[in-house]
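Protein chains in written order, with the numbering used here: chain A, 1 to 178; chain B, 179 to 378.
Because the hints were derived from the structure by calculation, they are not lab data.
Any given hint could turn out to be false.
Here are the simulated lysine-lysine pairs, DSSO-like style, with alpha carbons at most 30 Å apart [stated by the list, open to error]: (1) A:162 with A:60; (2) A:66 with A:162; (3) A:66 with B:290; (4) B:290 with A:60; (5) B:224 with A:162; (6) A:162 with B:290; (7) A:66 with B:224.
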Amino acid sequence: MSDAADVQRVLNGDVDAFARLVDRYYERCARFAVRMLGNRDDAEDALQATFLRAYRSLGKYQERDKFSAWLYRILVNQCRSIAARRNHRDRVFVREEALLLNAPDRRPTWTGEDEEFVQRVLAELDPLLREAFVLKYVEEMSYEEMSTLTGVGVSALKMRVKRACDRLRSRWERIKDD
Amino acid sequence: MTDDLNSLDPYVQWIVAEARRPVYMDASGEARQRLLEALRAEPQPKRERFAWLLEPRVALRPLVATAMAAGLVGIGLIGGLLIHRDGRQVDEPSAHVASSQLPGSIAPRAVKFVLIAPKAARVSVVGDFNGWDSSATPMTTQGGGADGTWTVFVPMQPGLHTYSFVIDGTHFVTDPSAPQTPDDGYGHRSSVVLVGGSSS
């Protein structure tokens with residue numbers, strides 16, 4: 001069943017149809033929230049707030065928009081709000097050094113349990129750069145989609161993504177010779 | 179800059195590849211259950227886009243009954259606000275929606291949409307009647323489009339409908355002569371037309 005059909009069912013009184021929308025988008029939204037907020041507690045708060053707000057606002061949703069894009073706009077705003085309210089950097093464990101020591105070519109390798117490493121790297125980026133980078137390369141959105149979602153112009157978004165990539169690269173240059 | 183992932187530094191590619199890994203946050207299903215319980219405690223959402231029309235201060239403006247082709251009688255809305263394209267004021271469009279009653283109390287009405295947009299290369303109308311598909315209902319110009327008047331007739335069921343015009347395939351513009359829905363919270367509005375009714 002399509003998103004639009006499920007939305008219509010909810011608006012017609014079938015509240016359980018919203019559970020299907022939750023199930024359809026929960027994991028994808030979870031990935032974005034974790035990448036943006038750096039920890040799962042905050043990410044779960046963002047998800048709860050996002051789906052609640054979407055449910056409350058469903059009457060305003062217009063069919064000409066993709067439901068996923070509409071939901072993402074809410075998610076991005078919730079993540080921004082939570083990031084602004086909280087500073088949980090101390091909850092992001094730094095395992096980077098141990099990881100580097102274990103990597104023969106001094107390039108980090110994924111062990112299946114080192115998600116914190118990527119989280120730490122992303123958390124070091126300015127939030128707006130991180131948001132643009134994650135939307136572009138993790139969520140694989142076009143710049144036009146990102147612009148619609150964030151309200152930021154395409155050229156500004158391209159610059160943010162470029163700066164994020166530059167900072168990640170220079171970070172690697174900095175640590176690989178230590 | 180290019181946005182091709184392969185053009186990125188290998189280290190950045192590695193970060194991207196790892197960040198794309200799925201995140202499984204709710205293996206026990208507890209978070210989902212909490213969310214669904216919270217949702218059930220909420221009032222049921224209702225479609226809100228027409229509620230404002232019931233307020234006394236708002237009314238559709240019938241203009242002039244005009245004899246239309248094939249004996250159809252139209253009522254219309256007309257106005258002359260500016261449309262902004264690409265952030266510039268390039269047109270002075272006016273739009274006109276005329277609905278024509280066909281025999282039968284619940285028969286579809288032929289609704290004429292008109293948009294004056296002299297600099298547009300193509301225009302279509304989208305709405306709840308065509309799934310907001312910008313390729314479904316293209317509008318046409320007469321006489322080579324010299325006056326920039328784009329029109330199309332659309333058979334529509336009686337009732338309230340929301341619609342927008344799409345200029346050159348990408349720019350959604352509301353009808354400057356018609357009432358609009360409230361902002362959906364993300365800067366989007368649509369136009370509203372009331373089709374049919376015994377008085378039309």
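Structure-based check of all given hints:
Distance hint between residue 162 (chain A) and residue 60 (chain A) is unfulfilled; the C-alpha atoms sit about 35 Å from each other, more than 30 Å. Under the criterion of a C-alpha separation no larger than 30 Å, the hint pairing residue 66 (chain A) with residue 162 (chain A) is consistent with the structure, at around 27 Å. Annotation: proposed proximity of residue 66 (chain A) to residue 290 (chain B) holds, straight-line Cα distance about 27 Å (limit 30 Å). A C-alpha spacing of about 27 Å is found between residue 290 (chain B) and residue 60 (chain A), which places the hinted pair at or below 30 Å, so the restraint holds.
The suggested pairing of residue 224 (chain B) with residue 162 (chain A) is violated, with an alpha-carbon distance near 42 Å, which exceeds 30 Å. Our distance criterion of 30 Å between C-alpha atoms is broken by residue 162 (chain A) and residue 290 (chain B), whose separation comes to about 48 Å. Pair hint residue 66 (chain A) plus residue 224 (chain B) holds up; C-alpha atoms about 19 Å apart against a cutoff of 30 Å.
When the structure is compared with the earlier hints, violations turn up for hints 1, 5 and 6 and for no others.
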